[in-house]
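Kindly generate the complete structure, drawing on both the sequences and the hints.
Line by line, the protein sequences give chains A and B. Counted the way my numbering counts, the first sequence spans residues 4 to 207. Counted the way my numbering counts, the second sequence spans residues 9 to 231.
What the hints contain is simulated information worked out from the structure, not anything from laboratory work. These numbers come from a predicted model, not from an experiment. Quick reminder that beta carbons are idealized off the backbone N, C-alpha and C, glycines included. Hints should not be assumed to be uniformly reliable.
Beyond 10 angstroms from chain A on every Cβ pair, some chain B residues (computed) [what the hints assert, rightly or not]:
hint : residue
1    : A41
2    : P126
3    : A134
4    : T193
If you want the footprint, here are the derived chain A segments under chain B, 3+ residues with CB under 8 angstroms [said to hold, decoys possible]:
hint : region
5    : 129-139
6    : 142-150
7    : 177-187
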Amino acid sequence: MSTIDPRIHQVLDGELAADAVPSELRRAVVQLAAAAGLLAAPPASPAASLESRVMAEIRRPVPSRAHRLMRWLVTPRAIILRVRPAWSVAFAVVVAALTLFTADDGGPELAEHEGIAQFVGQFPEAQSVHVVGTFNDWRPGSIALEDHDHDGVWRATVVLPAGTYEYMFVVDGERWVPDHLAERLVADNFGRENSVVIVRPVRR
Amino acid sequence: MRRWVVLALAASPALPLAGQSVRGRLEGRIPSAAIPAVDSLIQFASQDGLPTEPLIQKALEGGAKHVAEPRIVAAVQLSLGQLRDARDLLIRAGDQPPVLPAEMTTVAWALRRGLPTPLVERVAAALGRPPRAAAMHAVADLVAHRFDPDSAVGLIIEAVHDGVPRERLLDVSTAVLQQVQRGHTRAEALAMVQRQLPNLPAPAKPPRGNVAGARRPASPVPP
Chain A
4 MSTIDPRIHQ VLDGELAADA VPSELRRAVV QLAAAAGLLA APPASPAASL ESRVMAEIRR
64 PVPSRAHRLM RWLVTPRAII LRVRPAWSVA FAVVVAALTL FTADDGGPEL AEHEGIAQFV
124 GQFPEAQSVH VVGTFNDWRP GSIALEDHDH DGVWRATVVL PAGTYEYMFV VDGERWVPDH
184 LAERLVADNF GRENSVVIVR PVRR
Chain B
9 MRRWVVLALA ASPALPLAGQ SVRGRLEGRI PSAAIPAVDS LIQFASQDGL PTEPLIQKAL
69 EGGAKHVAEP RIVAAVQLSL GQLRDARDLL IRAGDQPPVL PAEMTTVAWA LRRGLPTPLV
129 ERVAAALGRP PRAAAMHAVA DLVAHRFDPD SAVGLIIEAV HDGVPRERLL DVSTAVLQQV
189 QRGHTRAEAL AMVQRQLPNL PAPAKPPRGN VAGARRPASP VPP
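As structure tokens, this is what we get:
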């Protein structure tokens with residue numbers, strides 16, 4: 004351990020002017036004075052101890068469930084997806100097929116002046132049922148009713164221009180029957196009655 | 009009947025081209041023996057400013073139903089008379105000639121449904137052309153369900169004056185019928201709906217499945 008020149012002590016203590024010492028001592032005085040200044044200055048922010056930092060964390064209020072959920076939702080995460088190309092192609096084909104073949108499920112596109120007429124009749128023994136009227140020039144055979152589940156109830160749903168139409172059912176190609184479910188009937192001028200359907204535009 | 013047919017036959021040479029297209033629709037659809045008389049009646053109606061499509065439809069209907077030739081001619085003639093009556097009624101109600109074919113068809117249809125002539129005339133006089141047809145249907149629906157005809161007409165005319173749009177006039181009669189189905193008397197049902205005017209329950213829309221399964225006939229004829 005080297006000893007410090009007593010003149011340096013005197014200069015640092017203010018007992019001796021700095022100019023009164025040789026230049027090499029004067030440089031040592033400057034360095035020592037700087038070191039003393041650093042030691043004497045208070046720290047910018049006292050370093051918190053581990054204990055105090057842990058306690059501060061514990062004292063922080065627990066975030067709400069919604070907040071945690073929101074944080075979980077917005078936090079980016081990496082997802083690793085392992086796929087087999089064969090299955091991926093098959094899945095894509097199925098999706099494309101479903102999209103293509105179900106595209107027409109919404110039915111025909113209706114114009115502003117068009118509406119839907121539903122014809123329903125109960126004919127348990129019938130082999131065929133058609134509806135004829137002023138909407139098809141009373142032409143038998145052009146609009147067939149169907150009985151898919153063979154329960155004797157025949158149905159047809161037809162797109163027609165909005166308006167009032169007279170009609171009858173033709174059962175098995177020869178028997179003319181009014182629609183007993185129709186709310187409106189009108190004399191047909193042949194001694195019988197026609198059923199009447201009022202088609203209202205779907206887009207009103 | 010003979011007088012009409014003679015008049016019609018006398019008028020027929022005037023419209024040869026129109027007659028050809030009518031004949032084209034009738035040939036093969038009605039007995040050939042009926043075609044000249046029916047065609048003449050249709051030409052006569054055309055000259056007289058009456059709508060011809062209802063007459064063509066009546067002839068086609070008779071042919072499809074395998075009705076005998078004289079009865080087809082008679083039915084067409086009866087329809088012609090109903091259209092003339094309808095036109096006269098509309099002129100009495102205040103319409104200026106020439107009366108629109110659609111108006112005549114509507115009034116003739118209302119009379120065939122059994123609405124009394126004074127009632128139809130009252131509706132025609134009270135309402136302008138656009139809501140008239142819908143109003144006739146609504147009144148006819150109520151009268152067919154044994155509502156007092158005057159009250160039914162009063163309700164529908166009031167609905168129009170209260171601002172119910174023509175496309176919703178059938179909802180007025182439907183709302184009244186629904187009140188009866190819920191156990192109210194006819195008079196109560198009329199009064200209840202009258203109090204609610206112009207508010208009406210939303211009309212029922214066809215189920216989506218039915219719309220999806222709908223199809224168009226091969227060649228629909230405009231009404």
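Against the structure, the hints:
no.	hint	verdict
1	A41	holds (17 angstroms)
2	P126	holds (19 angstroms)
3	A134	holds (21 angstroms)
4	T193	holds (20 angstroms)
5	129-139	holds (count 4)
6	142-150	holds (count 4)
7	177-187	holds (count 3)
When each numbered hint is compared with the structure, no violation occurs for any of them.
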